[in-house]
Amino acid sequence: MGNSKHLGLYMLAPAFLFVIVFFLTPVLLTGVFGFTNMSTATGITGGSYMVSQSSMQALKDRHDLSEIAKKLSQVIYTIDEEGLNAAAQEGVDAGTLAELKAGFLGQSFQKRRAVERAIKSLDNRPSSTRAIKKLSALFERSVLNIRYDTEVDLFAAIDKFGLPLSVAEKTAMSDVTYTGWVFTTDNFKRMISLPDTMTTLINTLFYVFVTLIVFNTGFALVLAISTHYMDAASAGFFRSVWLLPRITPPVLYVLMWKWLAWDTGFLSTVLGPLGFEPRNWMLDTPANAWTFIILINGMVGASMGMLIFSSAIKAIPSSLFYASEVDGANRMQQVRHIILPQLRFPILFITSYQTLSLLTSFEYILLATEGGPGGATEVWALTTYLKALSNYAGALEYGYGAALALVLVVVGVFLSILYLKLFDFKTLTAPPKIE
Amino acid sequence: MIRYKNTFAMLATAVMLTFGTSGAMAAEYTISVWSGGSGPNDNYRIDAIKLAATLLEAEAEVLGEDLKITIEGKPYTQWDEFKQAVTLAAEAGTAPNIVVAGHEDIAAWSQSGLIVPIEDYVDLDSWPINDIYDNLMQISSFNGKVYGLPQDAESRPFFFWKDYMRTIGYSDADINALPAKVQAGDYTLQNVLTDAKKIQDAGLVKPGYGFYPRVSNGPDYWQFYTSFGGQIENSDGKLVFDKAAMTKFYQFFVDAVALGVTRKNHIGTPWDQWYGEVANGKAGLWHGGTWHYARYTKKEGQKDFFGNIQFTLIPAGDAGGKANTLTHPLVYLLTKQADDDAVAIAAELVKIASEPRINTLHAIKSAHLGITRSQSSVDLYSGDRWAREATKRLLPHATAMPNNVSFGQYWEIMWGGLEGSWTGQKSVSDAIADVETELKTTLGDKIVIR
Amino acid sequence: MSGNYRKWPMILFLGFMTTPIILMYVYLFLDTVTNSPPGSMIPNEFTTEHWRFLWETIPGRPSIWAATWNTLLFATSTTLIVLVVSSAAGYALSRLNMPARSFFLGSIMVLHAFPTVTLLIAIFLILQMVGLYNTLIGVILVKASLELPFGIWIMKGFYDTVPWEIEMAGIQDGASRFQVWTKLVLPQVKPAIMALGIFSFLAGWSEFILPLVLAPDNKVQVLSVYLAALIADDNNFDMALFKSVGVFYVVPVIILFVFFQNKLMNIYSGGNKG
Chain L
180 MGNSKHLGLY MLAPAFLFVI VFFLTPVLLT GVFGFTNMST ATGITGGSYM
230 VSQSSMQALK DRHDLSEIAK KLSQVIYTID EEGLNAAAQE GVDAGTLAEL
280 KAGFLGQSFQ KRRAVERAIK SLDNRPSSTR AIKKLSALFE RSVLNIRYDT
330 EVDLFAAIDK FGLPLSVAEK TAMSDVTYTG WVFTTDNFKR MISLPDTMTT
380 LINTLFYVFV TLIVFNTGFA LVLAISTHYM DAASAGFFRS VWLLPRITPP
430 VLYVLMWKWL AWDTGFLSTV LGPLGFEPRN WMLDTPANAW TFIILINGMV
480 GASMGMLIFS SAIKAIPSSL FYASEVDGAN RMQQVRHIIL PQLRFPILFI
530 TSYQTLSLLT SFEYILLATE GGPGGATEVW ALTTYLKALS NYAGALEYGY
580 GAALALVLVV VGVFLSILYL KLFDFKTLTA PPKIE
Chain E
1381 MIRYKNTFAM LATAVMLTFG TSGAMAAEYT ISVWSGGSGP NDNYRIDAIK
1431 LAATLLEAEA EVLGEDLKIT IEGKPYTQWD EFKQAVTLAA EAGTAPNIVV
1481 AGHEDIAAWS QSGLIVPIED YVDLDSWPIN DIYDNLMQIS SFNGKVYGLP
1531 QDAESRPFFF WKDYMRTIGY SDADINALPA KVQAGDYTLQ NVLTDAKKIQ
1581 DAGLVKPGYG FYPRVSNGPD YWQFYTSFGG QIENSDGKLV FDKAAMTKFY
1631 QFFVDAVALG VTRKNHIGTP WDQWYGEVAN GKAGLWHGGT WHYARYTKKE
1681 GQKDFFGNIQ FTLIPAGDAG GKANTLTHPL VYLLTKQADD DAVAIAAELV
1731 KIASEPRINT LHAIKSAHLG ITRSQSSVDL YSGDRWAREA TKRLLPHATA
1781 MPNNVSFGQY WEIMWGGLEG SWTGQKSVSD AIADVETELK TTLGDKIVIR
Chain D
256 MSGNYRKWPM ILFLGFMTTP IILMYVYLFL DTVTNSPPGS MIPNEFTTEH
306 WRFLWETIPG RPSIWAATWN TLLFATSTTL IVLVVSSAAG YALSRLNMPA
356 RSFFLGSIMV LHAFPTVTLL IAIFLILQMV GLYNTLIGVI LVKASLELPF
406 GIWIMKGFYD TVPWEIEMAG IQDGASRFQV WTKLVLPQVK PAIMALGIFS
456 FLAGWSEFIL PLVLAPDNKV QVLSVYLAAL IADDNNFDMA LFKSVGVFYV
506 VPVIILFVFF QNKLMNIYSG GNKG
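Sequences listed follow chains L, E and D, in order.
Under our numbering, the residue at position 376 of the first sequence is numbered 555, and the numbers go up by one with no gaps.
Under our numbering, the residue at position 406 of the second sequence is numbered 1786, and the numbers go up by one with no gaps.
Under our numbering, the residue at position 106 of the third sequence is numbered 361, and the numbers go up by one with no gaps.
If you're looking for bench data, these hints aren't it; they were derived computationally from the structure.
Each residue gets a CB set at the ideal place from its N, CA and C atoms; glycine is no exception.
Warning: the hint list may mix true and false statements.
[Claimed, not checked] Coverage of chain E stretches by chain L, computed from C-beta distances (three or more under 8 Å per stretch; other residues unrestricted): (1) 1463-1469; (2) 1519-1528; (3) 1616-1625; (4) 1779-1790; (5) 1803-1810.
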């Protein structure tokens, strides 16, 4: 039945389209960005060539071409025939030009302001600032601070300026004057040489596995099993309460924790009379910060496992429980022999799914401690976010951020392949029975 | 009358560029303005442009032309979100015409071509531009070009709670002489620690409240680096990492924590708690910004600011350092647009918005400082004690952060090191070593390490 | 369960673990209608001033109702897309014979390993290319795409538990595979669709980073972005207002949740073994 084969593809097509356009392509692009020095300063799409004070400084520092740098760093406006003709072509008033020629022909100015003052001194001066700007631009003979779209244009302009460059000098020049991003492997070198990289890596592993084991699977199991042994009303109540953190917006949820932990917060107020100094419990020590981070994330994470485990337990035929009771099994034995074996797949699913979620999550940490105190709770995904998209000084390094993300991707892919093996993946894709 | 000549020239420009040479058609422009870090008191960052639009329209009308300008303002309360939005909007070709940003953004944004120099559109010799303080114009420039016009100025003073200073033995005369003493370098950050300790030991404030600094990263912390003689950028326009100064600066905060006058977990304290505390005598010594005056006296209900609080420059770190304060002006910047006429209109609006009377509205409402010399003859400005005294006492000594493409990275790394040592995660020497490694690998030859 | 399994130890234990959560929510609500100073645990007075955003627009911000409408639109559209696309794809992966089936299934799991947030710049570029940057539609498409892997996995698991006999009977009656799917199989997995729908709706309702970065315009602002801007740093801090808007934001989902919480219990099929 070829029909069904095609039907399958049609039914998958929308998912494909979405995933390819908004998920896979970004992933590939990020891969490419990881090997660039893209940042706020380089822009994302393209660059141009510009001789400026800073690029000339780089020409001195990196290529030892201080003579050229010095020459190109001047601003020169010359009132010459060429400029006058160009102005006449543009339709500038002949009287103005005649006066300009008579008074200033052959004169050079080191500043735009100076040449504009000269123009403004004419009796026949253009009336608007904009016209003066246009006229003065026609006499600019230097290349400083002018943007050229291609390096050919830049070299032509430098040539015209009277400074022909050798091939080597041209290479150096295009290196320092290009304002866009270039390919580089520096991101990875930098990552390896930074002292904090290792700390962040260890933090990440600690955070992921402790949260995962204690809450996302561990406590989720406790919740699922204990609510299983309750009447419907109490079970519903507890499940609802434990789902609250998940449905509360993170900003608000974390704020409630801060209300609990700040030095004017609940803990300080309650513990005050017991002789504990009021303090910011969350940021007091790294151990405290970690405790809160894991609680904050865990309480959100536990609900996902709780839901899946509970519905899996619900799917166990109740006859099994009754039968075991008749056999005199106690609660622990029921859990061990009936519930846990049935939960094998859900547990694996949650473990693998949540490992990956935790690995890439940072929102709660960002809101709670911002990686503090002193970087003690900074995890890889948070560093990535801060470097690439958000920091106080506005120095957004997309390229470096993408390189950091790539590391997470590699770890994530490795772990998911490992988990798929554990899942015994083949059994998940048993061949269809109707063909 | 002379000053109006320029206004007319400018008006003619607007009219010309609006109508081309033939004129007569009604021209409509929608000019969008986004401002960063703007709270409830900062509405004039955008409203000044609205006032300017009304003026420009009126001027067009005088010439019998029909010019309609609609202003679309969008204040962002945060900085990071604002910068992110501006950058991405510019990439998407939908950048707002005018942005009100910190001057340190000029470097990166001009390299990427996001902004265009305002000097290509306005006459720098014309009023009110020729009335703006020279150092502020300098701060609005990069690579020798004037990119924007300053929108406000401020500076960041050091504060003392007068009563507590009296209790630990300062006479009223001593307290009045404090600003001069700080300025001369006779009262240093070491005295700050001693006095904070005394205030705390006298039981006037809770432990950790003797010296109560800013709770998050900010330009303020560069002041302490400067206090210990640190230089941020040299005359060649290269960044400088002065190890000795940075070490002393980190050590100062570590000492404060060791003495118990500042809390180890101070960073991250919520702002509203902080404001409420410092404005009402819960802290002994602290530092802040000139705009804090508005918050202390309005929202926090401090009725007698001058009776209760003394303010000075940030004291010198030690005998070798110098007292200083930092000004972090915001600037009006023009973004690159497909429609050059719209940029020219935006430039005119920014220029008009910088006129003394209009700028004073923002200065007084938000407790920032003025940008032009003649503002001291605007009644609203000169009638305000805070503006008057702060301008005189602080502004002449104000330095600014450099406009340098790599400065943002330097800043983040500096803060990382301070946070690490302040919170006790690293020793000062380890933090400095890490900062050095990170600066070397990140910035390479763009920074001089000494 | 039978009487020999007492439930009170369980209730006591969970009650103890749950108290902090309840406490936090109670005080959150109390703070929005009182003016208690920080550090005080006893409410001092009743006030509605923190709820003023309901009847007046905060300067410079869009109206709360516009933001609410956007959020609703965002969450509903995302949910619809996720449901339609993943129930089709899940069925194909579970039941239909086609090339590289296991490869697709494996890739979906692997996709989840990619940190969404770091893809933002690239996603931005793509949205800009197709002209959807700063539009609600753009963010909806992106959010839906990112939710799809989870949706497809869940749906696939449910289809796995539907007895083959149902489909075989359908085929014998002369229905096509497509008809079998729409008429016979889909009704079988209704609980899954409900559960996934609620999950997606909640995810859409609370999404923050995507709208923040990809649709910053006031016109398309959603509640999460509106909310976050209320406690920006320095001089913009208004905690009580923030909490009130927060409560306003979270109440609809809590109500939704109370109504549908039993349906959520069906998120796991119990099958998943092929």
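key: Within 8 Å of chain L's CB atoms, at least three CB atoms from the region 1803-1810 of chain E: coverage verdict   = holds (count 4)
query = Checking C-beta pairs, does the region 1616-1625 of chain E have three or more residues closer than 8 Å to chain L?
reply = Held - the region 1616-1625 of chain E has 3 residues with a Cβ nearer than 8 Å to chain L, which meets the minimum of three.
task = Would you check chain L against the region 1463-1469 of chain E, counting CB to CB pairs closer than 8 Å, and say if three or more residues qualify?
result = holds (count 3)
query = Against chain L, does the region 1779-1790 of chain E show at least 3 residues with beta-carbon separation below 8 Å?
reply = holds (count 6)
request  = Three residues minimum, CB to CB under 8 Å: does the region 1519-1528 of chain E make the cut for coverage by chain L? Let me know.
outcome  = holds (count 3)
In the structure shown, no violation is registered for any of the earlier numbered hints.
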